[in-house]
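J.: Respectively, the protein sequence lines represent chains H and V. If you read the first sequence in this note's numbering, its first letter stands for residue 562, the second for the next number, and so on. If you read the second sequence in this note's numbering, its first letter stands for residue 562, the second for the next number, and so on.
Hints in this document: simulated from the structure, not taken from any laboratory. A few of these clues could be false.
If you only want the chain H side, here are some residues facing chain V, beta carbon under 10 Å, derived [to be verified]:
| id | residue |
| --- | --- |
| 1 | V602 |
| 2 | P606 |
| 3 | D619 |
| 4 | I645 |
| 5 | G691 |
| 6 | L818 |
Computed far set for chain H versus chain V, every beta-carbon distance over 12 Å [as the list claims (entries may be wrong)]:
| id | residue |
| --- | --- |
| 7 | D644 |
| 8 | T828 |
| 9 | L845 |
| 10 | S847 |
| 11 | R858 |
We put the CB at the ideal spot given by N, CA and C, even for glycine.
So the chains spell out like this:
2 protein chains.
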Amino acid sequence: MTIPADATLSDVGEFGLVAALGERFHQGGAVLLGPGDDAAVVAVPDGRVVVSTDLHVDGRHFRRDWGSAADVGHRVAAANLSDINAMGGRATALTVGLAAPADLPAAWALELADGIAAECSLVGASVVGGDLTGADQIVIAVTALGEIVGEPVRRSGARPGDVVAIAGRQGWAAGGLAVLARGFRSPRTLVEAYRRPEPPYAAGPEAASAGATSMIDVSDGLLGDVGHLADASSVAIDLRTDCFEIAEPLRAVGAALGMDPLRFILTGGDDHALVATYPSATGLPSGWTRIGEVAERGESVERTAVTVDGRAWEGPTGHLHF
Amino acid sequence: MTIPADATLSDVGEFGLVAALGERFHQGGAVLLGPGDDAAVVAVPDGRVVVSTDLHVDGRHFRRDWGSAADVGHRVAAANLSDINAMGGRATALTVGLAAPADLPAAWALELADGIAAECSLVGASVVGGDLTGADQIVIAVTALGEIVGEPVRRSGARPGDVVAIAGRQGWAAGGLAVLARGFRSPRTLVEAYRRPEPPYAAGPEAASAGATSMIDVSDGLLGDVGHLADASSVAIDLRTDCFEIAEPLRAVGAALGMDPLRFILTGGDDHALVATYPSATGLPSGWTRIGEVAERGESVERTAVTVDGRAWEGPTGHLHF
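For reference, chain H alone in the conformation it holds in the complex (with noise of 0.2 Å):
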């Protein structure tokens, strides 16, 4: 079907925008009973299923003048795909809904829905099902579902003595979202990085696989989302900045805006980087490089349990959403 340049949603109306979105998203071969119908069916073949869920506001988790409808739909499709792979689990299957005004160009929702289709395909999931409805801004709700194998790793896993370790880039998108709130385009690979992070989708199941006692991905920043993983195992981390490699684009992005480049490490969100603990006599399989230790929770940690050097650290941990 082919859907005008200049068309707006209500040009194209509902059913329309639906069969012209039904011809963009292939269908895997764990899907039973694709988009059409009242609901889809996905084959999870041991007989569990792993399920995460993610609203993206216009405004508030992406702006349409920092990138592109393509960059959106990878940006909001790898946030949930992330959320299986810190299971250990691996997506299989997507359902988008996207509520947007009547005056949305046609054209910017055809190209997320390209975007999202491209993110599932790194891990062959696929878009079984959705919805569109009117609205006055633009809100993309996204829900992964996935597979395991052997049990999920959890956030509240991680025992004193315990390694932690990282998988992917971390600060990168926060280096990137730095720029562009300034109103900048480069350093480019920054700028690329927030518009489309990489997260390590083969290392949760890997991390799963070797032992990990716990793991979570950064979304929301790496001292908050470090904590919530310490709160869930009522254990105190201590993460060693000698461990992180200060990339080349973070320094000079730092030079520029006068800013420590290890802030964009330790509290940016975007990159979905992977943090998991693992026993101390557990070799950290490839792509993971250690970042700090698990302690016993002290009495006197108040409102983190996440320090950094063995010092509190002074400024925000991560994303308020309200």
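Got chain H; can you put chain V on it based on the hints?
T.: Just chain V now, with coordinates in the frame of chain H:
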């Protein structure tokens, strides 16, 4: 945890609200890992999960002055649970995303959660996860997961000669909506039907085991949704108005508003009745009423394949989303 009666979402904060919500959601037997981690894990013993997602936008799908937050919770949960029902499945888990302005009373969000939990309890489903974020307008994203026995009942299986049947109330919610839209609050039974639909949750699995050839839930309007079923099955469907018993409150509202009460039945949505087709030799399960029959699709049929008493229906057939 106690939240002050006049607190807003911004006062309570994301994590405070998440903690308060967690206490409200009972976790049923299918939940292997509930809220609080990167993703939840739900059992679907036969290895297939049914999934459906919907968005509900303030001012479009619900109005806060037309009912309580608990009513809205019942409505949004019912809409998704009904989608699983319409496949012949049984819902086991929901995820709920809430995007809302920071000044929304926290009590409204908590009462919304109570309504969702109460509706879920009717089918034994659990709220296993979700997301909270700020937005200019309230948008509620619900995804339902479920299980099926045997094959899912699709929209595409209706065959000429089949009987068309309905389960559940139809037109009541539309009658209630017509009343509310004019600023009235009675007849109470219709207003309540709009605020808290009563989908026939047992009817979906019963239809599946009785051999229904196709099924859909009526969410956008009876004629519109029967049209989707006819299109998916490449058949024509004739509905017989003498099969519909027009309930007394619908007659009363029709008379008061100068409207044909049949219009509520033929074009109303929000009751989440089920429409299914059965081979003519199959006895209908209890709770199902014959309302028409399936015929070959003629070549002359254009916009819709659905007729009423053998003639095209003049007027709107359902709800347009843009």
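J.: Identify every previously stated hint that the structure contradicts and give their numbers, smallest first.
T.: Structure breaks hints 6, 7.
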